[in-house]
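Chemist: Following the hints, position chain D against chain S.
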Amino acid sequence: MTVPLDTLPDIPDEALLVLYANGDRAAARALTLRLTPRVLGFAARMLTDRAEAEDVTQEAMLRLWRIAPEWRQGEAKVTTWLYRVTSNLCTDRLRRRRGVPLDDAPEVEDDAPTAEQDMMQGERMAALDAALARLPDRQRQAVVLRHIEGLTNPDIARIMDIGVEAVESLTARGKRTLAALLSGQRERIGYEEG
Amino acid sequence: MMEQDLDDLLAAARTRAPVPSPALMARILTDAEAEQDRWQTRTALKRRWTRFLPLFLGSVGATAGMATAALAGVWIGYAQPETLTTVTAALWADQRVDLLPTYAFVTE
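Here the protein sequences line up with chains S and D, keeping their order.
First residue of the first sequence? That's 1 in the numbering used here, and the numbers climb one at a time after it.
First residue of the second sequence? That's 1 in the numbering used here, and the numbers climb one at a time after it.
Please keep in mind that the hints were generated in silico from the structure rather than gathered at the bench.
Think of the CB as a built atom: it goes at the ideal place given N, C-alpha and C, for glycine as much as any other residue.
Keep in mind that a hint or two might mislead.
[As the list claims (entries may be wrong)] Take a look, some chain D residues computed to stay more than 10 Å from chain S by CB distance:
| # | residue |
| --- | --- |
| 1 | A12 |
| 2 | W39 |
| 3 | A72 |
[What the hints assert, rightly or not] Some, not all, of what chain S presents toward chain D, calculated at C-beta under 7 Å:
| # | residue |
| --- | --- |
| 4 | L19 |
| 5 | G23 |
| 6 | A28 |
For reference, chain S alone in the conformation it holds in the complex (with noise of 0.2 Å):
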């Protein structure tokens, strides 16, 4: 099956969502195309597993569109639910998958360009990856939340049940923790001493 180009790209995804629960098939695209590669990267973030975050993602795509018939415009943003629903699903599957050791962890599939010239960003990006995979899972929800998929801390707060002030400290504390497990490997991946 192939899946055609987003045709309503103007239309909000809280209006997209009536009209799909109106019935509307081009809604349905619009939303796939829209929501799909932000829960997946989010998910692939959290998890550090494609496969698993592939899973989480269709999942609460799934939810998604069972809850289209209910949902209440101006009560929330589709995207702000959206990350709630993948952020429980991801501790879900990560307190499931407490007790095995994080070098077993599967590495993220890294999608970069194998080119010469994006050697080193790659180097760098899976050391991201890395450290990421190493924060205590509340850290790196938080800062992949804000660093990464730019949303801002009120809406974070709602998405992780927490207050703003939470967020900024685990935010603060999680770009600490990656800075120094990323200071051991600044020669690897070409950053200066500072």
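Modeler: Structure of chain D alone, referenced to chain S:
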């Protein structure tokens, strides 16, 4: 590692998010369409039932009459009836009946 280096690295990571495979997109779209079909079937069944109900019960007027009668029945059953003494007291207030008028002279 400098904070700026880390910020740059995180910003670069934002542009290198994993790309969903066509197979994953197709699975998600199949789920979406299956859910739509499921509700449409359910909604169509509900519509059919609500369309045939008045035909089964008669015209719209008859249905409205039956609904009113049903509501009235519920109300009558629920409301506490007044005791009969209220009615009899109203009918016989301050009225006395002399059962032996011809013997009044005995007591005079």
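Chemist: Tell me the hint numbers this structure goes against, listed in increasing order.
Modeler: Of the numbered hints given earlier, those the structure breaks are 1, 2, 4, listed in rising order.
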